[in-house]
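Undergrad: The residues making up each chain are set out below.
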Amino acid sequence: MRPKYAVFLRLFDYIAAMVYGTGAALLVEAAVNPAWPMPLGMIAGMILGVAAFAILTPFFILLIGGFEILMTGMFAGMVSGMGCAMLLSASTGSHKETLLCGAVFGLLVQISLHIYDVKHFGDVAISERENDA
Amino acid sequence: MPDTSILKWDKAAASLDLFSRGDHIRYEHFKKKLFSKCRGKVLLIAAGTGADFDCFPAGLDITAIDFSSKMLEKAREKVGRYAGNIRLARTDAEHLGLKADVFDTVVTSCTFCSVPNPVAGLKELFRVMKPDGKLLMFEHVGSKNPIIGAMMAIMNPVAKFLGPELTRDTAQNVRKA
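As they're listed, the protein sequences go chains A and B.
Under the numbering used here, the first residue of the first sequence carries the number 1, and numbering increases by one thereafter.
Under the numbering used here, the first residue of the second sequence carries the number 1, and numbering increases by one thereafter.
Honestly, the hints are just simulated from the structure, not real lab data.
A virtual CB, placed ideally from N, CA and C, is assigned to each residue, including glycine.
Certain hints may be false.
Claimed, not checked - Here are the simulated lysine-lysine pairs, DSS-like style, with alpha carbons at most 30 Å apart: (1) LYS11(B) to LYS74(B); (2) LYS160(B) to LYS119(A); (3) LYS144(B) to LYS99(B); (4) LYS130(B) to LYS119(A).
Claimed, not checked - If you want the ones that stay clear, here's a sample from chain A, every Cβ over 12 Å from chain B, calculated: (5) ALA6; (6) LEU9; (7) VAL19; (8) ALA35; (9) PRO39; (10) PHE60; (11) LEU63; (12) GLU68; (13) MET71; (14) MET86; (15) SER94; (16) GLU97; (17) HIS120.
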């Protein structure tokens, strides 16, 4: 059974994922030219998302630990970077909308990982003797 | 054990408590639940800075080893806070230098992501553990999901440079040992 404060840690995970997404969106807005072909913009956005992950992760490790945040940050950064670059190429949003999209991408990544994580919970008995005990 | 590995963890000792504080808060409950299964003479592999001492139930007789003298300096500060007996020893997991069939329980906590030869280390653990002893492991391992596993493989070189590996298949290593 998880401790009661686990819900607050999980809340921080969601906030962190949205910050990763927003960070990736900021870097994409700063560095990706909307005139670039969309595939090129998306690759650049993915790389910038990884850069956002690298910048933000030490801060989040200090706050909420590294084990959970590494996958979230990497995926949220990459997906948000690619998605926001795609939106930029399509010229479909304002600055605020791009940042919001980054946050939403991060949120969706965290939701997906949270659902995947739910089934990975509990002791893993490797030895047959452990199962008998 | 390679000197580069020792140097890496000597350097990490100064900041490990700070950077692992978040993980300690997150996983302390689960470690306490796992470590409550300890009985008899206990061996803790890779004690690090002793951050896990407070996860052990009171009253145990624990031998805590680490190959980093800097880590053990930090751990020594925490020994007095434990309501039991903790002996610190500087040795490495692959060559413990301890007698066989001594320990009732062997505990590892985020250890076998870092031991250079994990199967050799695990064989050594089984050597010093009694035949009816128990091995309790709290470890992070590589993901079997292909997408997450690929991400871990990409991040692994950086993680390995700074600290632990992310892609170890520790369950398989235990079976091999």
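Undergrad: Evaluate each hint against the coordinates.
TA: Here's how the hints hold up against the structure:
1. For the suggested pair LYS11(B) and LYS74(B), the alpha carbons sit about 12 Å apart, so the restraint of at most 30 Å is met.
2. Note on LYS160(B) and LYS119(A): the hinted pairing holds, with a Cα-Cα distance of about 28 Å set against a maximum of 30 Å.
3. At most 30 Å may separate the alpha-carbon atoms for a hinted pair to count; LYS144(B) and LYS99(B) exceed this at roughly 36 Å.
4. Of the supplied pair hints, the one linking LYS130(B) and LYS119(A) is violated, its CA atoms being roughly 33 Å apart against a limit of 30 Å.
5. ALA6(A), annotated as away from the interface, has a beta carbon of chain B within 12 Å; the closest lies near 8 Å.
6. Taking the minimum C-beta to C-beta distance to chain B, about 6 Å, the non-interface status of LEU9(A) is violated against the 12 Å cut.
7. Every CB of chain B is more than 12 Å from the CB of VAL19(A) (nearest about 15 Å), matching its label as outside the interface.
8. Interface exclusion of ALA35(A) from chain B stands, the closest Cβ pair being 30 Å apart, more than 12 Å.
9. For PRO39(A), the requirement that its beta carbon stay farther than 12 Å from each beta carbon of chain B is met, with the minimum near 20 Å.
10. A beta-carbon of chain B comes within 12 Å of the beta-carbon of PHE60(A); the shortest separation is about 8 Å.
11. Not every beta carbon of chain B lies more than 12 Å from that of LEU63(A), the smallest distance being close to 6 Å; the non-interface claim is violated.
12. Interface exclusion of GLU68(A) from chain B breaks down, the closest Cβ pair being 7 Å apart, not more than 12 Å.
13. Non-interface call for MET71(A) relative to chain B: violated, since the shortest CB-CB distance, roughly 6 Å, does not exceed 12 Å.
14. Consistency note on MET86(A): stated as away from chain B, and its beta-carbon is indeed over 12 Å from all of that chain's, at 20 Å minimum.
15. At roughly 31 Å, the least C-beta separation between SER94(A) and chain B is larger than 12 Å, which holds for a residue marked as non-interface.
16. Distance check for GLU97(A) against chain B: the nearest CB is about 28 Å away, which clears 12 Å, and the non-interface claim stands.
17. At roughly 9 Å from the closest C-beta of chain B, the C-beta of HIS120(A) falls inside 12 Å, breaking its exclusion from the interface.
Of the numbered hints given earlier, the model fails hints 3, 4, 5, 6, 10, 11, 12, 13, 17; all others are met.
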